[in-house]
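Counted from 1, the sequence shown has number 55 at position 55 by UniProt numbering; the numbering is strictly sequential.
If you're looking for bench data, these hints aren't it; they were derived computationally from the structure.
Treat the hints with care, since some could be wrong.
[What the hints assert, rightly or not] Between beta-carbon pairs, the in silico distance windows are:
{"no.": "1", "residue 1": "K26", "residue 2": "S66", "range": "17 to 27 Å"}
{"no.": "2", "residue 1": "N23", "residue 2": "T498", "range": "43 to 53 Å"}
{"no.": "3", "residue 1": "E73", "residue 2": "N131", "range": "29 to 39 Å"}
{"no.": "4", "residue 1": "I183", "residue 2": "T498", "range": "56 to 66 Å"}
{"no.": "5", "residue 1": "N417", "residue 2": "S261", "range": "16 to 26 Å"}
{"no.": "6", "residue 1": "N308", "residue 2": "S206", "range": "35 to 45 Å"}
[Claimed, not checked] List of simulated lysine to aspartate or glutamate pairs, EDC-like, C-alpha gap at most 20 Å:
{"no.": "7", "residue 1": "K47", "residue 2": "E89"}
{"no.": "8", "residue 1": "K480", "residue 2": "E407"}
{"no.": "9", "residue 1": "K466", "residue 2": "E89"}
{"no.": "10", "residue 1": "K272", "residue 2": "D249"}
{"no.": "11", "residue 1": "K47", "residue 2": "E72"}
{"no.": "12", "residue 1": "K422", "residue 2": "E373"}
{"no.": "13", "residue 1": "K138", "residue 2": "D232"}
{"no.": "14", "residue 1": "K239", "residue 2": "E269"}
{"no.": "15", "residue 1": "K437", "residue 2": "E279"}
{"no.": "16", "residue 1": "K105", "residue 2": "D80"}
{"no.": "17", "residue 1": "K250", "residue 2": "D232"}
{"no.": "18", "residue 1": "K37", "residue 2": "E72"}
{"no.": "19", "residue 1": "K354", "residue 2": "D493"}
{"no.": "20", "residue 1": "K255", "residue 2": "E269"}
{"no.": "21", "residue 1": "K336", "residue 2": "E407"}
{"no.": "22", "residue 1": "K512", "residue 2": "E192"}
{"no.": "23", "residue 1": "K532", "residue 2": "E478"}
Built from N, CA and C at the ideal position, the CB exists for glycine as well.
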Amino acid sequence: MIYKMMLQGGGIVEKKFNSSTENCRKVNNELLFKILKNNSRSEFGIKYNFKSIRSIKEFKDKVKLSEYKDYEEYINRMADGEKNVLVSEDVVYFSHTSGTIGKQKLIPCTKSSRKVAAKYMALLINKFTYNNFKDTWKLDKGLMIADIVMTTYTEGGVPICSATSGGIKSIKSLLPFLYTSPIEVMEIKDKETAYYLHLLFALEESRLSYINGIFISNILDLLRILEEKHQDLVSDIRKGRINNNLNIDKTIIEKLNKLISPNSTRADELEKEFKIGFEGIAKRIWPRLSYIATVTGANFSIYDDKVNHYTDSIPIYSPVYAASEAMIGINPYADKIRYVIVPDTAFYEFIHIKDGEAESGDTLCLDEIRLGEKYEIVVTNYAGFYRYRIGDIIKVVGFYNGCPEVEFVCRKNQLLNMVSEKTNEEHITNSIKRTMKYLNLSLVDYTTLPDNSITPGRYIFYCEFKNDISISTVKLLEEKLDKEIRNSNLAYDRARKTNRLGKVKVIILAPKTFNSVKQYLFNKGISKNQIKIPRVITNNTSVLNILNRNRRL
Numbered sequence: 001m002i003y004k005m006m007l008q009g010g011g012i013v014e015k016k017f018n019s020s021t022e023n024c025r026k027v028n029n030e031l032l033f034k035i036l037k038n039n040s041r042s043e044f045g046i047k048y049n050f051k052s053i054r055s056i057k058e059f060k061d062k063v064k065l066s067e068y069k070d071y072e073e074y075i076n077r078m079a080d081g082e083k084n085v086l087v088s089e090d091v092v093y094f095s096h097t098s099g100t101i102g103k104q105k106l107i108p109c110t111k112s113s114r115k116v117a118a119k120y121m122a123l124l125i126n127k128f129t130y131n132n133f134k135d136t137w138k139l140d141k142g143l144m145i146a147d148i149v150m151t152t153y154t155e156g157g158v159p160i161c162s163a164t165s166g167g168i169k170s171i172k173s174l175l176p177f178l179y180t181s182p183i184e185v186m187e188i189k190d191k192e193t194a195y196y197l198h199l200l201f202a203l204e205e206s207r208l209s210y211i212n213g214i215f216i217s218n219i220l221d222l223l224r225i226l227e228e229k230h231q232d233l234v235s236d237i238r239k240g241r242i243n244n245n246l247n248i249d250k251t252i253i254e255k256l257n258k259l260i261s262p263n264s265t266r267a268d269e270l271e272k273e274f275k276i277g278f279e280g281i282a283k284r285i286w287p288r289l290s291y292i293a294t295v296t297g298a299n300f301s302i303y304d305d306k307v308n309h310y311t312d313s314i315p316i317y318s319p320v321y322a323a324s325e326a327m328i329g330i331n332p333y334a335d336k337i338r339y340v341i342v343p344d345t346a347f348y349e350f351i352h353i354k355d356g357e358a359e360s361g362d363t364l365c366l367d368e369i370r371l372g373e374k375y376e377i378v379v380t381n382y383a384g385f386y387r388y389r390i391g392d393i394i395k396v397v398g399f400y401n402g403c404p405e406v407e408f409v410c411r412k413n414q415l416l417n418m419v420s421e422k423t424n425e426e427h428i429t430n431s432i433k434r435t436m437k438y439l440n441l442s443l444v445d446y447t448t449l450p451d452n453s454i455t456p457g458r459y460i461f462y463c464e465f466k467n468d469i470s471i472s473t474v475k476l477l478e479e480k481l482d483k484e485i486r487n488s489n490l491a492y493d494r495a496r497k498t499n500r501l502g503k504v505k506v507i508i509l510a511p512k513t514f515n516s517v518k519q520y521l522f523n524k525g526i527s528k529n530q531i532k533i534p535r536v537i538t539n540n541t542s543v544l545n546i547l548n549r550n551r552r553l
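Please work from the sequences and hints to get the whole structure.
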């Protein structure tokens, strides 16, 4: 019933979405003036005289392009409880960014900013999912890898959490009807314990319909825990009690134990499938599994093959392109990773990127960007950021009712740039994928470091593999990876030819090294489901120390 009601609501949102994408410039411009009007009496709105702004040009002339440092003083005051600073609305909570490429940022979230994102995240995504999978999706429960953990509070008493945790908490009352995991599991901080319990309750549900996680790396972590802990999971299902080896308060275990009962029949089914092996295991233990919904593409795509190993290549649907600052795009297609810019979630401007550099400080509006070109995104949102450079680079790959469809390319600051070669995430991801396929290696994860300790400088790749790697294989790996980067980035190739850069160096890491990195990031306050491995660790000495302590070769 709930799914059907959500699909009906999604149908209404879909019609409005189609209408707004047909008139994207008009809708987006109207949104800007609504934001300016709503915040004209805030301190920031008075400072920049929002009331007097009558055109996009006036807005651009009065309000300069901004970065997070331009807001820190305001946000600190808002965190202390001061009101009507950047926005007229109260702050419901602060979402914190992952801090992958620098320190974590606090991003204000208001009732309006949450509401405008929720109708797409909760309703339209479900409708597009149904459009794509209606022949196989039976509207049964799904496994949602998410949490509703509030990390902490500001001095002024405002909650701080990840944006996804805040969004999930807002539909807390619906969770038991949609997902297999009890609310108590979503309140657990320890990642491995939470994932184990997500699996335990999902394994009880033989009719599981889908798996949903924020990033595909979360899906892979879940499936790896399934492989590692399958015997314990079968034992717990057989006995109808959770083992006492988990990092969890005993009172929580007792609560959860009341929700399960001995099920030897299901335990026997699972044990039989696990004995066969883990290739394609997900489809064998959940035969009604239709799809996996998670963000993939760009540098996340290195995890796709590993997930496919466990799932027998069940479709992976990447439904949304979102940042803490705004819900930017939504994907109508299950077979493609591209996102239609949503015209009424933020006001958008775009800085043209040519040869890896911003062409100028001039910005383009939503209907002015061109097919095949790359742009840096600038947003003005509901929650107090104006002409804010979020640091993402996108490429226009099509149009939906005249509204741009984009691919995420890379983060602007995730760049190896030692001699002006500008090797970005896209270059590295493509090179890594081709190298691993050519050498038939099972990469767990990787990160990079620009190394100036020798002349000429070089890139160091820290790599963790599922299996042991010999010294001779490492040499082949270095040769092939260096060749692939040269093919991907002609500027890098020129630097290698002129000996301004040396050949890449690969350092092999001990098993579980990147688990230690994730634990460190979690201890910093990052949500366990929002953790992303940094691809460049130039200034992250703590992560670098973890890697160097775990060197094998």
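* To do: Sort out which numbered hints this structure fails and list those numbers smallest first.
  => Numbers 3, 5, 6, 8, 9, 10, 13, 18, 20, 23, in rising order.
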